[in-house]
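Use these hints to put chain B onto chain A, whose structure you have.
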Amino acid sequence: MADIKLGITLYSFTYEYLTGQYSLEDCVRKCAELGVDGYEIVATQMVPSYPYVSDEFLAKVLEFEYKYGVRPVSYGANTDRGKLFERDLNDSELVNDTIRDIQNAHKLGCKVIRAQYLLSPENLVAIAPYAEEYDVKVGIEIHNPETPSTPVMERYLEAIEKSGSKHIGFVPDLGCFATKPNIKNYEGALKKGANQEMLDYAVNLKRQGVSRGEAEQLLKDAGADPFVMSAFYDMYGYLTFHNEPDLEGLKRIMPYVFHFHGKFHCVRDGEETAIPYPEVLAAIYDSDFSGYIVSEYEGHSLRADGLIDYGAVEAVRRHLEMENRILAELEKK
Amino acid sequence: MGLQMRIVLRDILRKKSLKNYYLRGQVEGFQFEVFLANYRGHFLSTMEQLAVSIDDQPVPKKDILFCLNGKEFIVDDLKNQSNEFWNIAVPATIKVRKPGGLEKGTHKVGLTLVLRNPYLPKPGSSEPHSYIPINSSDEQFLELG
Chain A
0 MADIKLGITL YSFTYEYLTG QYSLEDCVRK CAELGVDGYE IVATQMVPSY
50 PYVSDEFLAK VLEFEYKYGV RPVSYGANTD RGKLFERDLN DSELVNDTIR
100 DIQNAHKLGC KVIRAQYLLS PENLVAIAPY AEEYDVKVGI EIHNPETPST
150 PVMERYLEAI EKSGSKHIGF VPDLGCFATK PNIKNYEGAL KKGANQEMLD
200 YAVNLKRQGV SRGEAEQLLK DAGADPFVMS AFYDMYGYLT FHNEPDLEGL
250 KRIMPYVFHF HGKFHCVRDG EETAIPYPEV LAAIYDSDFS GYIVSEYEGH
300 SLRADGLIDY GAVEAVRRHL EMENRILAEL EKK
Chain B
0 MGLQMRIVLR DILRKKSLKN YYLRGQVEGF QFEVFLANYR GHFLSTMEQL
50 AVSIDDQPVP KKDILFCLNG KEFIVDDLKN QSNEFWNIAV PATIKVRKPG
100 GLEKGTHKVG LTLVLRNPYL PKPGSSEPHS YIPINSSDEQ FLELG
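Chains as they are written, first to last, in numbering that gives the first Met the number 0: chain A, 0 to 332; chain B, 0 to 144.
If we strip away everything but chain B, and leave its shape as in the complex, we get:
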């Protein structure tokens, strides 16, 4: 990725956050929580990549919801959220629609999350809109209780 920012002072994928979620009594899917690997928060419009895998299987984009500030965004709509701010002290919840959910036990959760650092242009670049990426990706074995 070349020059990138990544400030990991706490877990990106939060331990104990993996669980199935319910809708009208049925398991609709699973969810987990994510902290941003930086020292400050960012507008959601700076998110350039968001992808999830579970037990090494990529999750289709259409099944992912990025949940923050009481709202649930589909992946392709994140780029339009230039006034929706992700507070650095608040984890986002990622919901993956999967009727029936996940089995109890340990699961390998993979997250690809890359943002633009909107005040740090790439050094030496004369291109407009070219910023140092913030790499907030992670991969962890999380326990679903």
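Just chain A, same shape as in the assembly:
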């Protein structure tokens, strides 16, 4: 049976942080009020001394930990392969940047790093000795449209297994198990004026497994409006969905999973509107997983779009309540 802890990524408070309503301290205090003891920090978003962790910043983090009893458990890294103006970073530069991320995470006391897929399987293996030295686990994020079984992730699995290291693996984003269109791409599109019949046509093309190129042509030929087309591109991209969640794939990689992003956009009547949390949490519960699922709220614009009438704190509260309810039900079984 798994040892599941619930946390929050401060990315959930993106709207409040960017508009100046919440400072970093406010974000950490909200985590305490929401009842968790660990948070993830996206370094490029909330570490002012990025790409370094200054002593001054560390002092703040420790002060907040002392005051609120909440500490950073995961460091969200960005694999910025394209940061130079004239060329992509080469392997050695990508490895160096990741070593710096490992040292940053270590300084903050985070035991987990979320890395991104531009760090190749070979580079992930190359940083394993550093991950081991600092006892920080580095996981490649599995984000829509990838799932645990897509070819890109298969290559990581092979490299990780071959390496024998326990310090490299995966950070699945639960959004990759979505089985319905995202609220933004269905209710949001309708609200903006999308033709419902055409939108349902787009959803059905995705459900029937029609390729992106073919579906795009069919929709254009049928005269789909720009709101439908915009939703269509998301449904075939970073907000895609599948008829069945890839839970078999998840089971296969679970020995190498030490952290999850509990992605959500909207929890309504105790359910996430697109992601089947009961099934997904049951699969995690039945594994040997030990670590955090951090609530990752991505509905930053839903309130402005008139789809919901509450902010990030209430959204996260609903998400944690849903997870706790599902986990309690699993416990009873």
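If you are wondering where the hints come from, they were derived from the structure by calculation, not from laboratory data. The structure displayed is predicted, hence computed values, not measured ones. Cβ atoms here follow ideal geometry from the backbone N, Cα and C, with glycine treated the same way. Hints should not be assumed to be uniformly reliable.
Computed footprint of chain A on chain B; a stretch qualifies when at least three of its residues, placed anywhere within it, have a C-beta under 8 Å from a C-beta of chain A [stated by the list, open to error]:
| # | segment |
| --- | --- |
| 1 | 55-65 |
| 2 | 78-84 |
If the Cβ cut is set under 10 Å, some of the chain B residues that face chain A in the computed set are [as the list claims (entries may be wrong)]:
| # | residue |
| --- | --- |
| 3 | 2 |
| 4 | 9 |
| 5 | 38 |
| 6 | 39 |
| 7 | 40 |
| 8 | 41 |
| 9 | 42 |
| 10 | 47 |
| 11 | 88 |
| 12 | 89 |
| 13 | 115 |
| 14 | 116 |
| 15 | 117 |
| 16 | 118 |
In silico DSS-like pairs for lysine-lysine, Cα to Cα no more than 30 Å straight-line [said to hold, decoys possible]:
| # | chain 1 | residue 1 | chain 2 | residue 2 |
| --- | --- | --- | --- | --- |
| 17 | B | 70 | A | 59 |
| 18 | A | 219 | B | 70 |
| 19 | B | 121 | A | 205 |
| 20 | A | 165 | B | 107 |
| 21 | A | 106 | B | 70 |
| 22 | A | 191 | B | 70 |
| 23 | A | 190 | B | 78 |
| 24 | B | 121 | A | 191 |
Then chain B, alone, in the frame of chain A:
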């Protein structure tokens, strides 16, 4: 522009930030503040386009300074700043050299600001160094008090 990122949760061109700036008692030009239209910060070397217009007149590139972290960069030098980070919570100041500055009143400020999103390659592209752009451009009527 095709597929692009643009996350506007607050004003890009900051209201009330337009003002004339002084050097040794003389008005040297005008300035305004800009937030990045994204959820995270970026290295300045990811900036691909930076241009300014005032009251529909393009500003010559040589008159623009991009000011951040206590430094003032000329436009053509931004691409070399791969270790200079633009924090998402901090506005940059754009200074435009214009001796005498702007008249009091409302001015139309135009900003073209496009960056590479350095961790998001364009889908389906096999070209190296081809990333989804972040469009942080804006156009606003700002009041100079």
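Those earlier numbered hints the structure runs against, lowest number first: 1, 18, 20, 22, 23
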